Amino acid sequence: EAGVVQSPRYKIIEKKQPVAFWCNPISGHNTLYWYLQNLGQGPELLIRYENEEAVDDSQLPKDRFSAERLKGVDSTLKIQPAELGDSAVYLCASSLETGYEQYFGPGTRLTVT
Amino acid sequence: EDQVTQSPEALRLQEGESSSLNCSYTVSGLRGLFWYRQDPGKGPEFLFTLYSAGEEKEKERLKATLTKKESFLHITAPKPEDSATYLCAGNGGRRALTFGSGTRLQVQP
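Protein chains in written order, with this note's numbering: chain A, 1 to 113; chain B, 1 to 109.
With the rest of the complex left out, here is chain A:
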C-alpha cells in the first residue's frame, strides 16, 4: 500500500516569495492533516480536513497561509508571502477517519532566506 506522498521534499525561497506544498494521502483515508514541525519539537497541527471540509483550522495563520482539498483527496498548502520564521518541516498526514491512527508523509523542509 502506498504511503502519504508529499512534494517537494525540499524548498528554498527568499522571504516575501510564495510557496506551495502538495500532499496525496493514503487511498481511502477521509481525514487529512497538515502539521508544522520545528527542529527539536513535535508536530503542531495547522489544519484538519474531513473529506473536503476544513473542520479545524484554528491554528492556521490565515493572513498568509491557505489550504485546499479539492474533491476530498489531494491537498495543497500555500504560504504567501513567506517570512523567515516559516522555515520548518511541513508534514502531511492522513487517517481512515478522525481519531484513528495517523500516517505521515516524509515532509517538506522549507528554508526561507
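Don't read these hints as lab results, they were simulated from the structure.
Fair warning: there could be bad hints in the mix.
[As the list claims (entries may be wrong)] DSSO-like cross-link-like pairs, simulated, lysine-lysine; straight-line CA separation at most 27 Å: (1) Lys11(A) <-> Lys42(B); (2) Lys78(A) <-> Lys42(B); (3) Lys42(B) <-> Lys15(A); (4) Lys57(B) <-> Lys79(B).
Computed from a predicted structure; not experimentally measured.
Given the coordinates of chain A, assemble chain B onto it according to the supplied hints.
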C-alpha cells in the same frame, strides 16, 4: 489547554541496556494516546495507540503502557537500529493530536 511532556529529552544507552521513556499528559477527553518513531529527515512512523488505563501493547523490543496520567515506552535489550526520536501524542476533545517534544534515543553498539 492540552499538554504532553516527554522525558528525558535525550537518552544514550548501550546495546542491550533496557530503559523506559516517559510521557506525561494532560489531555481533555482523551480519546487515545499515540506513540510514534521518527528517524532523521523522515515523517513520524506510527507505533501504538492506547485507549484506557492499564492497557499494554508490544511490538518487538518495545512495550507501551498507559496510566491515567502517564504513558511509558519500555525498550528491552535495544539495538542500534532502535536509535530514533520517539514521540508521544494525545488525541483529545479537539480530535487532533497534541505532541510532546520527543525523546532522542541513541543506542551504542
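Verification of the hints:
A threshold of 27 Å between alpha carbons decides the hint, and for Lys11(A) with Lys42(B) the separation of about 15 Å falls inside it, so the pair holds. For the hint pairing Lys78(A) with Lys42(B), the CA-to-CA distance comes to about 21 Å; that is within 27 Å, so the pair holds. Between Lys42(B) and Lys15(A) the CA atoms are separated by roughly 25 Å; this keeps the pair inside 27 Å, and the hint holds. For the hint pairing Lys57(B) with Lys79(B), the CA-to-CA distance comes to about 19 Å; that is within 27 Å, so the pair holds.
Checked against the numbered hints above, the structure breaks none of them.
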